[in-house]
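K.L.:
For the protein sequence lines, the chains are A and B, in the order given.
Counting in our numbering, the first sequence runs from 1 upward without gaps.
Counting in our numbering, the second sequence runs from 1001 upward without gaps.
Simulated from the structure, these hints should not be mistaken for lab results.
Incorrect hints may appear among the rest.
[Claimed, not checked] Subject to a maximum C-alpha distance of 25 Å in a straight line, what follows is the list of computed DMTMM-like cross-link-like pairs (lysine to aspartate or glutamate):
#: 1; chain 1: B; residue 1: Lys1007; chain 2: A; residue 2: Asp108
#: 2; chain 1: A; residue 1: Lys4; chain 2: B; residue 2: Glu1016
#: 3; chain 1: A; residue 1: Lys131; chain 2: B; residue 2: Glu1028
#: 4; chain 1: B; residue 1: Lys1033; chain 2: A; residue 2: Asp43
#: 5; chain 1: B; residue 1: Lys1007; chain 2: A; residue 2: Asp106
#: 6; chain 1: B; residue 1: Lys1007; chain 2: A; residue 2: Asp132
#: 7; chain 1: B; residue 1: Lys1023; chain 2: A; residue 2: Asp41
#: 8; chain 1: B; residue 1: Lys1007; chain 2: A; residue 2: Asp41
#: 9; chain 1: B; residue 1: Lys1023; chain 2: A; residue 2: Asp106
#: 10; chain 1: A; residue 1: Lys67; chain 2: B; residue 2: Glu1016
#: 11; chain 1: B; residue 1: Lys1007; chain 2: A; residue 2: Asp146
#: 12; chain 1: B; residue 1: Lys1033; chain 2: A; residue 2: Glu76
#: 13; chain 1: B; residue 1: Lys1023; chain 2: A; residue 2: Asp43
#: 14; chain 1: B; residue 1: Lys1019; chain 2: A; residue 2: Asp171
#: 15; chain 1: B; residue 1: Lys1033; chain 2: A; residue 2: Glu74
#: 16; chain 1: B; residue 1: Lys1008; chain 2: A; residue 2: Glu141
#: 17; chain 1: B; residue 1: Lys1019; chain 2: A; residue 2: Asp43
#: 18; chain 1: A; residue 1: Lys131; chain 2: B; residue 2: Glu1016
#: 19; chain 1: B; residue 1: Lys1007; chain 2: A; residue 2: Glu141
#: 20; chain 1: B; residue 1: Lys1033; chain 2: A; residue 2: Asp5
#: 21; chain 1: B; residue 1: Lys1039; chain 2: A; residue 2: Asp41
#: 22; chain 1: B; residue 1: Lys1023; chain 2: A; residue 2: Asp82
#: 23; chain 1: B; residue 1: Lys1007; chain 2: A; residue 2: Asp171
#: 24; chain 1: B; residue 1: Lys1037; chain 2: A; residue 2: Glu74
#: 25; chain 1: B; residue 1: Lys1023; chain 2: A; residue 2: Asp108
#: 26; chain 1: B; residue 1: Lys1019; chain 2: A; residue 2: Asp93
#: 27; chain 1: B; residue 1: Lys1019; chain 2: A; residue 2: Asp5
#: 28; chain 1: A; residue 1: Lys4; chain 2: B; residue 2: Glu1022
#: 29; chain 1: A; residue 1: Lys131; chain 2: B; residue 2: Glu1022
#: 30; chain 1: B; residue 1: Lys1008; chain 2: A; residue 2: Asp108
#: 31; chain 1: B; residue 1: Lys1019; chain 2: A; residue 2: Glu141
#: 32; chain 1: B; residue 1: Lys1039; chain 2: A; residue 2: Glu74
#: 33; chain 1: B; residue 1: Lys1023; chain 2: A; residue 2: Asp5
#: 34; chain 1: B; residue 1: Lys1023; chain 2: A; residue 2: Asp171
#: 35; chain 1: B; residue 1: Lys1008; chain 2: A; residue 2: Asp132
#: 36; chain 1: B; residue 1: Lys1037; chain 2: A; residue 2: Glu161
Model, not experiment: these values are computed from the prediction.
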Amino acid sequence: LAIKDTLQVINRMQADGIISQYAIGGAVGATFYIEPSATVDLDVFVEFLNRYESRLVSLSPIYEYLKSRGCIAEGEYIVIGDWPVQFLPTADDLDREAMEQAIQTDVDGVPTRIIGAEHLIAIALRTGRSKDRSRIIQFFEQASIDSGKLQGILQRFGLMEKWRKFRAKIDE
Amino acid sequence: MSEQTRKKLAALPFSEKLKMLEKLRARELSIAKTREKLKAQRETQK
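With the hints as extra help, turn the sequences into a complete structure.
P.N.:
See the structure below:
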């Protein structure tokens, strides 16, 4: 099954009221802007109907809904179609803004939402693994980044120091 | 892969890039499966 089949299941879950909104992040989200790179999972940021409960939210309604439709939980993932999906409840204001400003698009006619490039960079910077840093570099090489927007995000969410350190390291 | 080729790849439509990503993923999973199989074979030969 292709990724669009996985997205169809997530869209149905949203239509059924289990989640209020979602947006794709991680490597699959980045693929909207940059060259595709191998990944084994799909990262999906989710928001629930009462957004203020998201901080303490349990993913069990998602898991129960999907398990009743034949999906299998594997550790931090639940396999939908062929794809292990990691659902990430919006954890802070950066996630929430990224969710609000996500881009509406479609995959072969299946509607979906992708986190904006500047927010993906900020989230990658916050996460800070080696693959996240490489992805940030790819964004600057291959995508058109609104540097004013990025600066605003980094300032609003306290990431300027991390950004300076990241820049210093790649300028070495 | 040259930088120009990578930029061309980046400029492809999202659906097309996802199909490539799916192929890359299938290849990675197949390699991992073969590795596991070989490892299991080595274990049984010990």
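K.L.:
Would you list, in rising numerical order, the hints stated earlier that this structure does not obey?
P.N.:
10, 14, 26, 34, 36
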